[in-house]
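Asks: Residues per chain, in single letters:
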Amino acid sequence: MKRFLGFVRKEFRHIFRDPRTLGILFGLPVVMIVLFGYVVSSDVKDIRIAILDHSKDPTSREIVRKITSSGYFIYAGDLQSEKEIAEVFESGEAKIVLMFGQDFETRIKTESTASIRLVADASDANSAQLAVNYAQAIISSYFLSKSEEISLPWQINVKSRMMYNEELSGVYMVVPGLMALILILISALMTSVTIAREKEFGTMEPLLASPLKAIEIILGKVTPYVLLSFVNAVTIILLGVFVFHVPLVGSIALLLAESMLYITLSLSIGVFISAVSNTQQSAMMISMFGLMLPTILISGFIFPIENMPTILQWFSALMPVRWFIIIIKGIMLKGTGLAFVWKETLILLGMTLFFILMAVRRFKTRLE
Amino acid sequence: MDIIRVKDLVKKFGSFVANDHLTFHVEEGEIFGFLGANGAGKTTVMRILCGLSAPTSGEIMVAGYNVYKEREKIKQNIGYMSQKFSLYEDLTVSENIRLYAGIYGMRKKEILNREDELLERLKMEEIKNKFIRDIPLGWRQKLAFSVAIFHQPRIVFLDEPTGGVDPITRRQFWEMIHEATKEGITVFVTTHYMDEAEYCDRVTIMVDGRIADLDTPRKLKEKYNAKNMNEVFLKLARKAKNGDDK
Amino acid sequence: MRVLLTLLRKEIKQIFRNRMMLPMIFVMPIVQLTVLVYTANLEMSNIEVVVVDQDLSQYSRGLVSKLDGSPFFVVKGSVASYEQAEALLLSDDVDAIVQIYSGFEQNLINEKEADVQLIINAINATEGSLINVYSNMIIRDYSNNLRTELSGFAGQGMALNIEIIPSYWYNPLLDYKIYMFAGILVILVTMIGMFLSALNLVSEKELGTAEQINVTPVKKYQFLLAKLLPFLMIGLFELAFGLLIGVFLVDLPIRGSLLLLFSVAFVYLLVTLGLGLFLSTISSTQQQMMLVAFFIWVTFILMSGIFTPTESMPVWAQKINFINPLSYFMRVIRMILLKGSGFQDIARDFYGLLIYSVLILSLAIGNYRKTT
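Residue numbers (our numbering), protein chains in the order written: chain H, 1 to 368; chain F, 1 to 246; chain V, 1 to 372.
It is worth saying that the hints were derived from the structure and are not from the lab. Hints are supplied without guarantee of correctness; some may be wrong.
Which residues of chain F face chain V? A few of them, derived with a C-beta cut under 7 Å, are [stated by the list, open to error]: (1) 50; (2) 53; (3) 69; (4) 72; (5) 88; (6) 90; (7) 99; (8) 102; (9) 103; (10) 214; (11) 217.
The calculated label-pair distances, taken between Cβ atoms and stated as ranges, are [claimed, not checked]: (12) V/31 with H/203: 26 to 36 Å; (13) F/179 with H/6: 48 to 58 Å; (14) V/314 with H/66: 17 to 27 Å.
Simulated crosslink set (BS3-like; lysine-lysine; CA at most 30 Å straight-line) [what the hints assert, rightly or not]: (15) V/370 with F/142; (16) F/142 with F/123; (17) H/199 with V/205; (18) F/12 with V/205; (19) H/213 with H/199.
Don't be surprised by glycine CBs; every beta carbon is placed ideally from N, CA and C.
The task is simple: from the sequences and hints, build the whole structure.
Replies: This is the structure in structure tokens:
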């Protein structure tokens, strides 16, 4: 035991000697949370809008004023002809053009109808759609307010309630996703590369020849990462809760226990990867493409799983991260207990056992 | 003529003094040995002379050039083989030779001629298209040395060149070193194998960053009344004060 | 020149002998582009909703079938109480609840207006707001239809009939895939640039072969240039390969000049390669390098505007984007491919990247130490 502790201490010193790596391991979650919290928001705003007003009457001017003062749009200039639309789109000066025909005002007065055109640069389909929607809403509400006394019949009002995330903060989704990502990064990627490095440089052999048992060596290597991962998980939770006001509705003990389970799983995957790869580069590539990218892409972290083709949805079921995110989201944001997430927990447990068994088998055959 | 002249060389890493006021010179055409235990500061000296590391202070001339200002000119005139260096493992024997020859700006025709000659001498014609990673360590070392002097430098620096090689290969290796001196190449070699010191023309013994003594092996053995260089070294090491607390 | 050629020959041989290289060059783009383009899809479809219809009237049913009939929504069923619906939302079985109170139809007829309650799972804020937009659109449509149907005329005499006609240029079908595809191409090219060249250099440092080069008279710029050029070529090849996949896979339009695109890509690759080489000069092990590169890469991608337009970001983030090469190329590649923008449209970005490449390459070369 004493020998083992000495070995663990050596591994710790090894990690702490490299402040840059440590800095990144702790800086990454902070930066990502801030990015998602403030930068990568789903809100489309400050859309540059150009105006092509052939009518130039009080109504059209009023609409333009309403739109440019809404906060969603930024006035990008007046156009003289339809030909200029292509120009402003190609140069990126404007993303949407609001057009009033020559007879805009006269038609309102004589026929009580009006027609307004919105031309959007839809190369970014989502933003274009959102921009058009915003503009439509602003224009409609303008006319509605003008004709207040005459109420529109058969009107269905939609009252929306954003459950679990009233302010539509981007951070909510990120906290669970980020925990999953960082824990994979530290536990699986770092461990696998560290062990692969020892193998590559031949420093693993003296260790194997020492009286330390193989299991002790592996445990010694992973222990510091367990602690690092755990500290990081807690940091992310604290940041989310205190800086970004992400609610923590459910049980903290359950949350931490599930995190430990996931860390153990990631570590066993890391050890497994190092068992099957001989160089740092191959360990890196397997972790990057086998674990990191799927974690980011098909875990539901950034992109909703239900949008994906069925085959990818199946594939994502093989990823531990998918189940972990469901668990964390449930506990943190919805306050669900084990009664709701026992299935996911069992899946993670099963995966952990599987990878530990596989890793032990691989290592054994290598040692014999 | 002195091909290397070092006066009061000091190298510090923070507060640690790796080389403490070293003064020595190397004559053209000799085999100059640098002996010492691991961590005595041998490699540091060599790295400074090769221009890989900047000295803290001291006057140092290599091949007639100043190591502070004319590092790149020095590099044109030297060859270097380090303990770590093992050629490019994913290139073949022949490709490694051509790579380094090309780096020194040798002409293609000259390279091809000398390459054949070299491979014949090393008896490596058969394996010239094999990857370095597929040939044994001893062969690699011999090849690495040949590559280091392929461009006919004036000095070749060998940093623990025989580490981890079997005794027979080590002998062959030293024969190659002697061959090289016949071509007029000066050899500067560090080692911690004391028996190898016997092959050197002159030997510097370093203990804890200082030069403990410098002379021909014969004179050193006389001076310290020792049977072999190993005894010389042990006596010098014991004398050094700082040596004890390790 | 002869030295440079010698070094280049070495690098090219080593690159193609690396067993990981060919899959990286050929398989990775195919996998990444095909998988990513279908995953990185923020276009919502199959939003699953549960209905709590407490009115059970003709109009409420009409509303539900209108939702179900739209391409965005799938009505997964109907439950009697709100509590049951919330349990479904809680267990992630549905994305939203549509609640229609009893008296819906009555109110609509008598008071000319009625409320519908929407409860949306907004943990993923993007998803939540899109669901909101879509459902509003559909319900508005439904009420307009209802109005026409009931009154027989479109609001005439009572209110203005406002017609807002949107038209979507460059992408009338609002296909999100082509936009994403162009963005993923940038990621692909960047990966090649930043990771491969940097890992290559660091591994030479780690193995000690870099030191052997350092004792030779090889100039720093020669050594780094020889590391850079092969990856520059691979990067350009990758872009061409990716475009080809795009044309066949998602009907990626190529509206602008390919020559212009490749010229920008050339300069952009210089920047990313310079960045990679710079990172490798400040790292001593592959592990360290990989972490630093990964960190920068992820940050840059998220900020580049691949998912959300950079204009919508806060001002400080837009300022940071000034040093984010991805944000330049992300913008330019979409402009050229999707809109057919010409040189004068992208001139600012082009010159920006050009200055960037000079700076970062000088920094990388200046920072590479032959002597410690």
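Asks: Would you mind marking each hint as holding or not holding in the structure?
Replies: Going down the list of hints, with the structure as the test:
no., hint, result
1, 50, "holds, 5 Å"
2, 53, "holds, 5 Å"
3, 69, "violated, 12 Å"
4, 72, "holds, 6 Å"
5, 88, "holds, 6 Å"
6, 90, "holds, 5 Å"
7, 99, "holds, 5 Å"
8, 102, "holds, 3 Å"
9, 103, "holds, 5 Å"
10, 214, "violated, 24 Å"
11, 217, "violated, 28 Å"
12, V/31 with H/203: 26 to 36 Å, "holds, 34 Å"
13, F/179 with H/6: 48 to 58 Å, "holds, 49 Å"
14, V/314 with H/66: 17 to 27 Å, "holds, 24 Å"
15, V/370 with F/142, "holds, 26 Å"
16, F/142 with F/123, "holds, 11 Å"
17, H/199 with V/205, "holds, 18 Å"
18, F/12 with V/205, "holds, 23 Å"
19, H/213 with H/199, "holds, 16 Å"
Checked against the numbered hints listed earlier, the structure breaks hints 3, 10 and 11; every other hint is satisfied.
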